[in-house]
Each structure stands twice: as structure tokens, then as C-alpha cells.
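Chemist: Chains P and S, in that order, are what the protein sequence lines are. Once you know that position 116 of the first sequence is 116 in my numbering, the rest is easy, because the numbers rise by one and skip nothing. Once you know that position 112 of the second sequence is 112 in my numbering, the rest is easy, because the numbers rise by one and skip nothing.
Don't read these hints as lab results, they were simulated from the structure. One should not assume that every hint holds.
Claimed, not checked - The calculated lysine-lysine pairs, modelled on DSS-like cross-linking and capped at a C-alpha distance of 27 Å, are:
1. K157(S) to K135(P)
2. K115(P) to K122(S)
3. K175(S) to K122(S)
4. K122(S) to K135(P)
5. K135(P) to K211(S)
6. K122(S) to K142(S)
7. K113(P) to K135(P)
8. K122(S) to K113(P)
9. K157(S) to K175(S)
10. K11(P) to K233(P)
11. K115(P) to K135(P)
12. K11(P) to K211(S)
13. K157(S) to K122(S)
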Amino acid sequence: MVFDDTMIAFKDVRKSFGGHEVLGGITARVRRGQVVCLIGPSGAGKSTLLRCVNGLEDYQGGEITIDGLRIDVSSPDIHEVRTRVAMVFQRFNLFPHRTALENVMEGPVFVLKEKPAEVRARAVSLLTRVGLSDKMDAYPAALSGGQQQRVAIARALAMRPEAILFDEPTSALDPEMVGEVLRVMRSLAEENMTMLIVTHEIQFAREVADWVLFLDGGRIAEEGPADILRNPKNERTQDFLRRVTDPA
Amino acid sequence: MKLFTHGAEYLPILLNGLWLTILVTVLALILASALGLLWALLRTSGIPALATPTRILIEFLRGIPILVVLFYIYFVMPDIGIDLTALQAGIVGLAITYSCYIGETFRAGIEAVDRGQIEAAKSIGMDRSLTMRRVVLPQAFKIVLPPYGNNIVMLLKDSSQVSVISVAELSMQGKVLASSTFDNMTVFTMVALLYLCLTIPLNFILHRVEKRMGKA
Ligand SMILES: Nc1ncnc2c1ncn2[C@@H]1O[C@H](COP(=O)(O)OP(=O)(O)OP(=O)(O)O)[C@@H](O)[C@H]1O
Ligand SMILES: [Mg+2]
Chain P
1 MVFDDTMIAF KDVRKSFGGH EVLGGITARV RRGQVVCLIG PSGAGKSTLL RCVNGLEDYQ
61 GGEITIDGLR IDVSSPDIHE VRTRVAMVFQ RFNLFPHRTA LENVMEGPVF VLKEKPAEVR
121 ARAVSLLTRV GLSDKMDAYP AALSGGQQQR VAIARALAMR PEAILFDEPT SALDPEMVGE
181 VLRVMRSLAE ENMTMLIVTH EIQFAREVAD WVLFLDGGRI AEEGPADILR NPKNERTQDF
241 LRRVTDPA
Chain S
1 MKLFTHGAEY LPILLNGLWL TILVTVLALI LASALGLLWA LLRTSGIPAL ATPTRILIEF
61 LRGIPILVVL FYIYFVMPDI GIDLTALQAG IVGLAITYSC YIGETFRAGI EAVDRGQIEA
121 AKSIGMDRSL TMRRVVLPQA FKIVLPPYGN NIVMLLKDSS QVSVISVAEL SMQGKVLASS
181 TFDNMTVFTM VALLYLCLTI PLNFILHRVE KRMGKA
């Protein structure tokens, strides 16, 4: 067998809600250790595509594989498959009844059934890494948006995932908190964490992306290395970039 | 008039009734809560074959007065071989009726938990039952506490209904005592006060728990 470093593969993925086609045949891949940024206008299907990867949505045509394993929402081992890819949500979705530390420990202890003492040590070091060593025992309600999102990233990392999916991780943040979250994500990119990121932070995408997918109307309108964000060929891409980089 | 002069004589009899009221309430509450949780889990299971019959059953039971449920269990069930004492029938009847109210309370609480929480639980690989236990139910519990407290107080008061099948709980003891002494004023005032001795502390405790839960 030929050596293949594909981590996430999309093969002609199609999805509709009711009669409304949302993904019209997406073919793409994320290689191991790569950062792929997914950009595009609202309603393009970015979140939907991302959510199909960990089975939060099902899809009707084509195939998504993670490390060769087919993603199928109706299969009984979907829960096991989900432990391989972590997800960071726009609205953080921390468990409000658990402290930062407990949020990070939850998956490894209760899903992966690892020893709590070991998980605790790992969780402490992850929270320290994202700059929250003084907030371990805080409940989410007592944390700022930026802090909550960093806990969410630590929670994702605690699962030791093969890849992390981010759905607009900074869109719900006040501007002054965007930087602290992007900093953490940048450091993950430097460590070659495999990431698929939906973002409107074009500057950030330019810096970290190995590959950029521009999605429009459920199709890939343009793709290429981060350079395409400087010199897009597609008219829709040009339009979109003009709007997000110069909102006025 | 011998107003309130015989209160001390009446008290032991009424306390017997009070004890039975507590017993009926507590046992019916435990049973109703367990059944209510079951109804709520079935109704939110996302499996129509479970959710729909449960919904119909609840609608059906909610349309029948407690009195009729009690009569049915006590007088009709023996015909099909289920023979319960008045006390057992009273507890079961109350529990079945209240399981519907409590079940709806629990269901509303479960459905009020943010969708994003369930997605976060799924995204770290939790299956349905783990998601329920670790994520949804703890949060639903907090949401549900005030209406559930309300259900408990209502159940306590409605426990007086079991007197119709001759369970000698507080209101029944009061009625018997009043009709033999003709001291209606004293007896029923005492009965009312004894109910308040239960409901006021109960409300107080429920409030405290709510406050404590609100912090975490
Ligand atoms: N649960 C759903 N039911 C019906 N239609 C949906 C559902 N979720 C998404 N859609 C539709 O699918 C399309 C793509 O939505 P999606 O959320 O993937 O877009 P997006 O690119 O993430 O947009 P945004 O930048 O606004 O987040 C939209 O037209 C949306 O209305
Ligand atoms: Mg989206």
C-alpha cells in the first residue's frame, strides 16, 4: 500500500436539508499535521461540512473518512469515532455545572475511562498551557469568553485527538479577546496539530493555513495554499475577501 | 362554648393522621418521581415508538380526576386480581396521577437544556446515556427544581384525597373527630395548622435548595 498521510478525506460529499441542497459535492482532504482553513460567505455550508466530520450532521452522498475510517452517524461505533476528532464551537459550549478543570477531565475520565489522577495531571498542564493555571476551579459563568474558549480548546486537547475542528472559534468574542485564542491556535499549528478551521480571520488564515478552501453555495469555489487569500482568481472569493477585510 | 379547650385531647389523634399523610406523600412522591423520570426519558428519547405511546398515556391520565383514579384502583382493580389495601391503593393512585405532572415537568427541564451542550457531549464521544447522566440531567435538575417543588407541595395537599377510599390521613381524622365531637372550629383549625406545619418548612427547604443550586 502506498503511504498516505490523509487525515480527513471528503469524497463528493452531498447533503440537503429537506429539498434544499447545502453541500453539492465536496471533495477535499486534510493531511496529517496540516492546517486547512475553510472560508466563505454566510450560508455557504462551512459549519455543515465541519459538523459532518464528527457526525453532528449526517450526509446523503459521497463519503467522509477519518484516518480511513468512514463516518456514518447511524453506525454504532460513531461515539468511538468521535473521540478521534475534537471540536471547538463558536459558543464554547462548556459544561456550566463543572469547573474548568472538570470540563477538561470529563471526556478522558468518563468516555476514555482513563485514571482520574493521570487525567488531572494532564488537564492541569493543558490549562496551564492555555494560560489558565489560576482559573482551574472557576465555573464557566465566572470566565470571560476568551477564557472559556481556551478551556474549550484544552478540553479538546485532553482527548488527545488526531484532529481538531474549529467552527468560527473567535466569532463570539469581544475583539480584545480574539488574540489570546488565536495565539493558542497558532501554537497548536506550530506543533503540527491537524486542524480544520472555519474562520473569518483572514489575517490569521494567511499565517497558519497550509491550504485554504473557499466555499460558496455548498461547493468549493476556489482552493489553494494561503496565497490565494492574497491573489484570489475567483470573482466570488475576491468579493468576499474585500467584504471581510474591509467591512465598511 | 368550649373553643380550643380540647385541643390537647385531639392532638394525638390528629398526629396519627399527620403521620399517615407524611407516609402517603413521601412514598407517592418517590414512586411518582421515578415514574415521571421514566416518562420524561421516554418522551425525549427521539424514538417515536416510545415517545408517542407515552405522550398518549400521559394525556389520558391527566384527563382523569384523582378521585376517579383512586376509586378505579381501589374498587375496580380487585376484579382483575389486583387487590391492594386502601393505603397501597392511595399511594399508587396518587403516584400515577402525579407521575404525569412530574413527568411533564422533567421533560420540559430536559428540553430546556441548550442544544449546544448535547453537541459538546457528543463531540467528546459521549453516548446517549452518558450524555443524559453527565450533561443533561444535572442541568435539567436545576431548571426543574422550582416547578418540581411546586409539584411536591401540590402532592402533599392532594394526599388528602386518599380519604375517599378510607385512608385515615390527616383530613380524614379531622372529619371523623369533628363529627364525633361537634367541635368543628377547633378540629379543622388544628388540621389546617398541621398542614401548614408541613408545607411551610417544605417551601422553606425548597427555597434554600434552589438558592444553593443557583450558585454552582
Ligand atoms: N438544521 C438545519 N435545517 C435546515 N437548514 C439548515 C440547517 N442547518 C443549516 N441549514 C442551512 O444550510 C445552509 C448552510 O448552513 P451553514 O450553517 O453550514 O452555513 P455557514 O457557511 O456555516 O454559515 P455561517 O457563516 O453563517 O455560519 C444554510 O442555507 C442554512 O440555512
Ligand atoms: Mg457556520
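Chemist: With the threshold set at 27 Å, check whether the alpha-carbon distance from K115(P) to K135(P) stays at or below it.
Modeler: holds (23 Å)
Chemist: Hey, K11(P) versus K233(P), does the alpha-carbon distance stay inside 27 Å?
Modeler: holds (24 Å)
Chemist: Given the hint that K113(P) pairs with K135(P), test it: the Cα-Cα distance must not exceed 27 Å.
Modeler: Cα-Cα ~25 Å, so holds.
Chemist: Taking only the CA atoms, is the gap from K175(S) to K122(S) under or equal to 27 Å?
Modeler: violated (57 Å)
Chemist: Is the straight-line distance between the alpha-carbon of K115(P) and that of K122(S) 27 Å or less?
Modeler: Measuring from Cα to Cα gives roughly 21 Å; hence the hint holds.
Chemist: Is K11(P) close enough to K211(S), meaning Cα to Cα at most 27 Å?
Modeler: Judged against 27 Å, a Cα distance of about 53 Å means the pair is violated.
Chemist: Against the 27 Å threshold, does the CA-CA distance of K135(P) and K211(S) hold or violate the hint?
Modeler: Judged against 27 Å, a Cα distance of about 24 Å means the pair holds.
Chemist: Is the straight-line distance between the alpha-carbon of K157(S) and that of K122(S) 27 Å or less?
Modeler: violated (42 Å)
Chemist: Is K122(S) close enough to K113(P), meaning Cα to Cα at most 27 Å?
Modeler: Holds, at roughly 16 Å.
Chemist: Does the structure keep K122(S) and K135(P) at a Cα separation of 27 Å or less?
Modeler: With Cα atoms ~25 Å apart, K122(S) and K135(P) stay inside 27 Å; holds.
Chemist: Is the Cα-Cα distance between K157(S) and K175(S) 27 Å or less?
Modeler: Holds - the C-alpha atoms of K175(S) and K157(S) are around 16 Å apart, at most 27 Å.
Chemist: Holds or violated: K122(S) with K142(S), Cα cutoff 27 Å?
Modeler: holds (21 Å)
This entry does not satisfy hints 1, 3, 12, 13, going by the numbered hints stated previously.
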